Amino acid sequence: MTSRKSVLVLGGSSDIGRAAARAFAKAGYDVALAGRDVAALEPDAADLRARYNVEVGLHKFDVLDTAAFESFVGALPALPDIVVSIVGLLGVQADAESDLVHATAIMRSNYEGPALILGLFAEKFLARGSGTIVGVSSVAGDRGRASNYVYGSAKAGFSAFLSGLRARASRGGVHVVTVKPGFVRTRMTEGMKLIGPLTVEAPVVGDAILRAVEDKTDVVYVSGKWRLVMLIIKVLPEAVFKKLKF
Amino acid sequence: MTLVSGWGRFPVVDSDVLRPRSFAAVGEAVSAGSVARGNGRAYGDAAIGATRTVTMTGFDRVRSFDPATGRIRLEAGVLLSDLIDTFGPRGFLPFVVPGTRFVSIGGAIAADVHGKNHHSEGGFGRYVDSILLRTGQGEVIEASRDENSDAFFATVGGMGLTGIILEATMRLRRVETGWIRERVISASDLDAAMRALEAGDAATYSVAWIDCVARGRDLGRSLVYLGEHADKGELAEGADAFPVGKDSRLSLPLDLPSIALNRISVRAFNELYYRMGARRAGGSHVVSLYPYFFPLDSVSDWNRIYGKRGFLQHQCVIPQAGARAVLGEILDRVARRGDASFLAVLKKLGQGDGILSFPLPGYTLALDFPVKGDILNFLDEIDPLVVAAGGRLYLAKDARQSRATFEAGYPALQRFNAIRKSLDPAGNIRSKLSQRLFDEV
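From first to last, the protein sequence lines are chains A and B. According to our numbering, the first sequence is numbered sequentially starting from 1. According to our numbering, the second sequence is numbered sequentially starting from 1001.
Calculated directly from the structure, the hints in this document are not laboratory data. Quick caveat: nothing in here was measured; it's all calculated off a predicted structure. Every residue, glycine too, gets a C-beta built ideally from N, C-alpha and C. One should not assume that every hint holds.
With beta-carbon atoms standing in for the labels, derived distance ranges [claimed, not checked]:
1) A/A239 - B/G1373: 54 to 60 Å
2) B/D1301 - A/K234: 28 to 34 Å
3) B/E1407 - A/R187: 38 to 44 Å
Some chain A residues well away from chain B (every beta-carbon gap over 12 Å; in silico) [stated by the list, open to error]:
4) H59
5) A75
6) L79
7) L89
8) V101
9) T104
10) L126
11) A167
12) A212
13) I232
14) I233
15) L236
16) F241
17) L244
18) K245
Please construct the entire structure, taking both the sequences and the accompanying hints into account.
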């Protein structure tokens, strides 16, 4: 280990995870990447080492395997200064409406797993008296919409969890950041119709996460336009909102 | 199917666009009529598959870097902008950069791009040691000057037609700073501009911007920019050794109406640009590498300035001996026409490295034209001047040259075709450009 600050990225093989890892490594942090398939993370680890000359560790992590969370945290060589959860599953809304297994996977991947693992890190950080927790939630959690309310409701739960955790942890020297990226051009959104002016590339989100950590921001809408869009969506009366198909 | 075009937004054609995330998926993506695409900065139809376009920008990892030698192994989708921003602050830059930094490594190899130092240091391919290539028949081979050397020299400048470039090993230049010591020379006409470029042979970097509206006695009046890497002692007190690459400060969110570029606005722009540059002429000063190498990158989507019908860039190279007469004739015709615009660039080139590389010892002239009126006919009448002088057109910019012009300009074409055939007997790798200029019909 070095004396540099360290960040653990949960969901390190996702496009936003890779972008966040690069942003932190570029700023001089040592990085640990965690994901289901450690071998698949190797090229990204090599990339970070070659680019930024930082230390990179790899760890196996499955967000659905909540029973293994405590041993996962316990097995880390050191408690990181920062933990970022990018984990999530968009799923297919139409399938989730009738397929309970699929709906459960969406709910657990976007709410239960991320909330539990970040909650566990929060306890360790509070015991230490320092640390930053970043949860990547979604604008979809700001209001349940007809086209993606299974995913949106799980993200809403995750946002609420982060909000409460922030209020509690701030008294103990631990900062909690909620990130709402909006549309991001990634593997997850490939094939979706994204609205150009509201869409950003993954590196923009990675940089925004680093900036939020360093500036101690509470809630980040990566594009300011989304804050406005969601404000409008949130204040629409239910009678009007329920007629919208989006 | 998706509508796809190059940077010039002409032509716009249908092609399936795939975005593989693993080399295995690249193999699955390639079917009859596929070609790789990097960041889409080829102007015409080079990076559009005959039926399938395989976008490689997802492959953006650095595999290894040795700071002792500057040797780097990269996936083909890494952008030069990324390479510069990442390794510049560590004291390493690419040896060759074209006029935009938003090109992929794979694209830079496929077009064997040149920079302002081609006359002195050669093209992009000269600094590439080896290429991991997935050939059209599905073999993955490592090609270098020693191993599979035919494939190597056909791939450098081969416009993606030898297969899909997956990775490459190249050398980076050690630099003390990210600053360039620039000297601007004001040249009152074409002869003066060419004299200044000849005199600038010893400079690492040289290029001339031509006011292509000026006519008569002023024909070819230019600003000649010479440059050298600045060392730390030359920097202003307190300046960072490596400047920060700013994101584009301006962008064009929509297409300008085609009326926006007209004789009056283009004339005014050229006049203003020449006068502002001429004021700086004479002494030397230190500038950031970003505005020096990539002046247009500060306006993102600048291609939209030409309106939604797009634009054409005509970039020719004329061998040294006949250059003065042909360049004078082309510039005269353009000045009489009056609608050539912002970018008119004159530069000396040296010997190319790849079998189909564009550069040859002489002068290259690049001109931009909006797609309208009789522009295609106008350019068809320019091409014979180029061919007669033993010159040729740059495939990375081309969207419209004829087969006759192409075949006359690239005498090594038969050798290239033979190598291409051996790597891809079934002819799986085909682009809109290869259909237009290479493939048997």
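Hint check results:
A/A239 and B/G1373 have their C-beta atoms about 56 Å apart, which keeps the hinted 54 to 60 Å range intact. The given range of 28 to 34 Å is respected by B/D1301 and A/K234, whose C-beta atoms sit roughly 32 Å from each other. Against the hinted window of 38 to 44 Å, the Cβ-Cβ separation of B/E1407 and A/R187 comes to about 43 Å, which satisfies the hint. Distance to chain B confirms A/H59 as a non-interface residue, since its nearest Cβ pair spans about 20 Å, more than 12 Å.
Against chain B, the non-interface label of A/A75 holds: every CB pair exceeds 12 Å, the least being about 27 Å. Every C-beta of chain B lies more than 12 Å from that of A/L79, the closest at about 28 Å, which supports listing it as non-interface. With a least CB separation of 17 Å from chain B, A/L89 remains clear of the 12 Å interface cut-off, as annotated. Against the 12 Å criterion, A/V101 stays outside the reach of chain B, whose nearest CB is about 26 Å from its own CB.
The claim that A/T104 is not at the interface with chain B holds, since no C-beta of that chain comes within 12 Å of its own (minimum 27 Å). Consistency note on A/L126: stated as away from chain B, and its beta-carbon is indeed over 12 Å from all of that chain's, at 36 Å minimum. With a least CB separation of 35 Å from chain B, A/A167 remains clear of the 12 Å interface cut-off, as annotated. Non-interface call for A/A212 relative to chain B: holds, since the shortest CB-CB distance, roughly 18 Å, exceeds 12 Å.
At roughly 21 Å, the least C-beta separation between A/I232 and chain B is larger than 12 Å, which holds for a residue marked as non-interface. Consistency note on A/I233: stated as away from chain B, and its beta-carbon is indeed over 12 Å from all of that chain's, at 23 Å minimum. Its beta-carbon lying about 27 Å from the closest one in chain B, A/L236 satisfies the requirement of being farther than 12 Å from that chain. With a cut of 12 Å on Cβ distances, A/F241 stays outside the contact zone with chain B, its closest approach being about 30 Å.
Against the 12 Å criterion, A/L244 stays outside the reach of chain B, whose nearest CB is about 27 Å from its own CB. No Cβ of chain B approaches the Cβ of A/K245 within 12 Å, the least distance being about 25 Å, so the stated non-interface status holds.
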